[in-house]
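As they're listed, the protein sequences go chains A and B.
Under the working numbering, residues 1 to 111 are what the first sequence spells out, in order.
Under the working numbering, residues 1001 to 1114 are what the second sequence spells out, in order.
Have a look at the derived ranges for each label pair, beta carbon to beta carbon:
#, chain 1, residue 1, chain 2, residue 2, range
1, A, Val19, B, Thr1017, 42 to 50 Å
2, A, Met55, B, Cys1013, 45 to 53 Å
3, A, Arg75, B, Thr1080, 38 to 46 Å
Since the hints were made in silico from the structure, they are not lab data.
Bear in mind that the values here come from a model prediction, so they are computed numbers and not experimental data.
For every residue, glycine included, the Cβ atom is placed at its ideal position computed from N, Cα and C.
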Amino acid sequence: GEDVEQSLFLSVREGDSSVINCTYTDSSSTYLYWYKQEPGAGLQLLTYIFSNMDMKQDQRLTVLLNKKDKHLSLRIADTQTGDSAIYFCADYKAAGNKLTFGGGTRVLVKP
Amino acid sequence: GAVVSQHPSRVICKSGTSVKIECRSLDFQATTMFWYRQFPKQSLMLMATSNEGSKATYEQGVEKDKFLINHASLTLSTLTVTSAHPEDSSFYICSAASDVADYTFGSGTRLTVV
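Excised from the complex, chain A in its bound form (with noise of 0.2 Å):
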């Protein structure tokens, strides 16, 4: 199948760092992605990885990706209060052309 998984909710303390995480069944997806929706609004892309990547860090942003276990994570360092929203991870494959989200993971920042 083409299951794109995430957990479903993360509570995080303002200051600390957060990390939210995704599994994905084939192996055949060459780009990973993080997205970061607001409410009422649509995607904001955050960041992508090449799948012959282990890690790519974008100031705040680190994902890591261990392509054995299909397993993608998005860390949020420094968490601010306007990081809280839902992240949706996705993968994507040449073949059919079109992303598979995962669930989403709501993401609650507490002062």
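We have chain A already, so just place chain B on it with the hints.
Just chain B, lined up with the frame of chain A:
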């Protein structure tokens, strides 16, 4: 960066009427656009892939006669919900690919059918 404009952002219509949603790529040409539906507190469900100048490809279970998709130019795709019913109420989001695997999403349309 690439920008996708989606209109309207919110629409309320009466049951039995049709509603058109527009998705425009503002600064790039998109040969392929995608339409998603999102139920409350759920993920995005791909409805169809819209190809410029040809018929859309619908996902399994999506009624093509209910959700009409037109992709008349490289910058515009439209989704028309025909004979809308309350169960069609949802959040609809489009996206466009500016490059291989480089997707930009619209801001979404909240449809409420009363």
